[in-house]
Amino acid sequence: MAIAKKPKPKLVIQKLSEARKAKLAQLEKLRVELRKRLESVEERILRIGGVVPEPKPVRKVRRRKGANAKSVLTLCMEILASNKKGLDLHQLADQILAGGYKTFSKNFHATVYQSIYNHKDKIEHDPENGVYRLV
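Read in order, the letters of the sequence shown are residues 1 to 135 in this note's numbering.
I should point out that these hints are in silico values taken from the structure, not numbers from a laboratory.
Watch out, some of these pointers could steer you wrong.
Capping the alpha-carbon separation at 30 angstroms, the derived lysine-lysine pairs in DSSO-like fashion look like this [said to hold, decoys possible]:
| hint | residue 1 | residue 2 |
| --- | --- | --- |
| 1 | LYS60 | LYS70 |
| 2 | LYS21 | LYS60 |
| 3 | LYS84 | LYS70 |
| 4 | LYS102 | LYS122 |
| 5 | LYS84 | LYS60 |
| 6 | LYS102 | LYS70 |
| 7 | LYS106 | LYS60 |
| 8 | LYS15 | LYS29 |
| 9 | LYS84 | LYS102 |
| 10 | LYS56 | LYS23 |
| 11 | LYS85 | LYS120 |
| 12 | LYS56 | LYS84 |
Using the sequences and the hints, build the whole thing.
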(Lines of atoms letter the chains of each structure in order from A and count residues from 1; the text may use other names and numbers.)
(Lines give C-alpha, C1' and ligand atoms only; values in the text may rest on other atoms or scores of the structure.)
Protein backbone atom coordinates (compact mmCIF):
# COMPACT_ATOMS: atom_id res chain seq x y z
CA MET A 1 0.00 0.00 0.00
CA ALA A 2 1.52 3.28 -1.11
CA ILE A 3 1.49 6.20 1.26
CA ALA A 4 0.34 9.43 -0.34
CA LYS A 5 2.74 12.30 0.10
CA LYS A 6 1.41 15.28 1.95
CA PRO A 7 1.81 18.54 0.05
CA LYS A 8 4.33 20.87 1.61
CA PRO A 9 2.71 23.74 3.50
CA LYS A 10 4.74 26.29 1.55
CA LEU A 11 3.41 24.96 -1.76
CA VAL A 12 -0.15 24.93 -0.49
CA ILE A 13 0.14 28.54 0.65
CA GLN A 14 1.74 29.50 -2.65
CA LYS A 15 -1.08 27.86 -4.64
CA LEU A 16 -3.69 29.60 -2.49
CA SER A 17 -1.91 32.89 -2.97
CA GLU A 18 -1.81 32.40 -6.73
CA ALA A 19 -5.52 31.52 -6.76
CA ARG A 20 -6.33 34.68 -4.80
CA LYS A 21 -4.24 36.80 -7.17
CA ALA A 22 -6.01 35.28 -10.17
CA LYS A 23 -9.42 35.91 -8.60
CA LEU A 24 -8.40 39.49 -7.78
CA ALA A 25 -7.30 40.12 -11.36
CA GLN A 26 -10.58 38.67 -12.62
CA LEU A 27 -12.62 40.92 -10.29
CA GLU A 28 -10.62 44.01 -11.26
CA LYS A 29 -11.26 43.26 -14.92
CA LEU A 30 -14.98 42.86 -14.19
CA ARG A 31 -15.00 46.18 -12.35
CA VAL A 32 -13.50 47.97 -15.38
CA GLU A 33 -16.10 46.38 -17.68
CA LEU A 34 -18.97 47.34 -15.37
CA ARG A 35 -17.73 50.93 -15.11
CA LYS A 36 -17.64 51.19 -18.91
CA ARG A 37 -21.18 49.79 -19.14
CA LEU A 38 -22.39 52.24 -16.46
CA GLU A 39 -20.84 55.19 -18.32
CA SER A 40 -22.55 54.03 -21.50
CA VAL A 41 -25.92 53.80 -19.75
CA GLU A 42 -25.50 57.23 -18.18
CA GLU A 43 -24.66 58.74 -21.58
CA ARG A 44 -27.79 57.20 -23.06
CA ILE A 45 -29.89 58.60 -20.21
CA LEU A 46 -28.45 62.07 -20.79
CA ARG A 47 -29.12 61.86 -24.54
CA ILE A 48 -32.76 61.02 -23.90
CA GLY A 49 -33.01 63.97 -21.53
CA GLY A 50 -32.98 62.32 -18.17
CA VAL A 51 -30.94 63.20 -15.15
CA VAL A 52 -28.17 60.99 -13.84
CA PRO A 53 -28.52 60.72 -10.05
CA GLU A 54 -25.64 61.87 -7.88
CA PRO A 55 -23.91 59.02 -6.13
CA LYS A 56 -24.87 58.69 -2.49
CA PRO A 57 -22.18 59.76 -0.04
CA VAL A 58 -20.26 56.92 1.56
CA ARG A 59 -21.01 56.56 5.23
CA LYS A 60 -18.04 56.44 7.54
CA VAL A 61 -17.78 53.42 9.76
CA ARG A 62 -17.59 54.36 13.40
CA ARG A 63 -15.56 52.26 15.71
CA ARG A 64 -17.11 51.12 18.93
CA LYS A 65 -15.60 52.30 22.15
CA GLY A 66 -14.08 49.62 24.31
CA ALA A 67 -16.25 48.42 27.13
CA ASN A 68 -13.76 49.16 29.90
CA ALA A 69 -15.02 49.57 33.43
CA LYS A 70 -12.62 52.42 34.22
CA SER A 71 -11.23 55.33 32.23
CA VAL A 72 -7.58 55.73 31.31
CA LEU A 73 -7.27 58.59 33.79
CA THR A 74 -8.72 56.55 36.65
CA LEU A 75 -6.37 53.67 35.89
CA CYS A 76 -3.39 56.06 35.68
CA MET A 77 -4.24 57.49 39.07
CA GLU A 78 -4.63 54.02 40.64
CA ILE A 79 -1.32 52.81 39.22
CA LEU A 80 0.53 55.99 40.21
CA ALA A 81 -0.95 55.77 43.73
CA SER A 82 0.84 52.45 44.17
CA ASN A 83 4.11 53.75 42.63
CA LYS A 84 5.26 56.66 44.77
CA LYS A 85 8.46 57.18 42.75
CA GLY A 86 6.39 57.58 39.61
CA LEU A 87 6.48 55.95 36.18
CA ASP A 88 7.41 57.10 32.73
CA LEU A 89 4.76 57.27 30.04
CA HIS A 90 5.55 53.93 28.39
CA GLN A 91 5.70 52.07 31.71
CA LEU A 92 2.36 53.56 32.68
CA ALA A 93 0.74 52.63 29.36
CA ASP A 94 2.18 49.10 29.58
CA GLN A 95 0.78 48.61 33.09
CA ILE A 96 -2.66 49.83 32.02
CA LEU A 97 -2.70 47.35 29.13
CA ALA A 98 -1.33 44.58 31.34
CA GLY A 99 -4.23 45.24 33.71
CA GLY A 100 -6.68 44.19 31.02
CA TYR A 101 -7.61 47.54 29.47
CA LYS A 102 -8.97 46.92 25.96
CA THR A 103 -8.19 49.33 23.16
CA PHE A 104 -7.88 49.39 19.37
CA SER A 105 -5.35 52.23 19.52
CA LYS A 106 -2.17 51.74 17.55
CA ASN A 107 -0.48 54.43 19.62
CA PHE A 108 -1.87 53.86 23.12
CA HIS A 109 0.85 55.75 24.96
CA ALA A 110 -0.32 58.89 23.10
CA THR A 111 -3.82 58.30 24.48
CA VAL A 112 -2.38 58.00 27.98
CA TYR A 113 -0.38 61.21 27.43
CA GLN A 114 -3.51 63.09 26.36
CA SER A 115 -5.36 61.95 29.49
CA ILE A 116 -2.49 63.09 31.68
CA TYR A 117 -2.00 66.37 29.78
CA ASN A 118 -5.67 67.27 30.13
CA HIS A 119 -5.59 66.62 33.89
CA LYS A 120 -2.43 68.38 35.05
CA ASP A 121 -4.22 69.23 38.28
CA LYS A 122 -4.20 65.53 39.25
CA ILE A 123 -0.97 64.19 37.73
CA GLU A 124 2.32 66.03 37.50
CA HIS A 125 5.38 65.45 35.33
CA ASP A 126 8.87 65.43 36.79
CA PRO A 127 11.08 66.50 33.84
CA GLU A 128 14.24 65.83 35.83
CA ASN A 129 13.50 62.10 36.12
CA GLY A 130 11.05 61.88 33.22
CA VAL A 131 8.30 60.34 35.34
CA TYR A 132 4.68 61.10 36.20
CA ARG A 133 3.38 61.24 39.77
CA LEU A 134 0.15 62.07 41.53
CA VAL A 135 -0.12 65.66 42.75
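Taking the hints in turn, this is what the structure says about them:
| no. | hint | verdict |
| --- | --- | --- |
| 1 | LYS60 with LYS70 | holds, 28 angstroms |
| 2 | LYS21 with LYS60 | holds, 28 angstroms |
| 3 | LYS84 with LYS70 | holds, 21 angstroms |
| 4 | LYS102 with LYS122 | holds, 23 angstroms |
| 5 | LYS84 with LYS60 | violated, 44 angstroms |
| 6 | LYS102 with LYS70 | holds, 11 angstroms |
| 7 | LYS106 with LYS60 | holds, 19 angstroms |
| 8 | LYS15 with LYS29 | holds, 21 angstroms |
| 9 | LYS84 with LYS102 | holds, 26 angstroms |
| 10 | LYS56 with LYS23 | holds, 28 angstroms |
| 11 | LYS85 with LYS120 | holds, 17 angstroms |
| 12 | LYS56 with LYS84 | violated, 56 angstroms |
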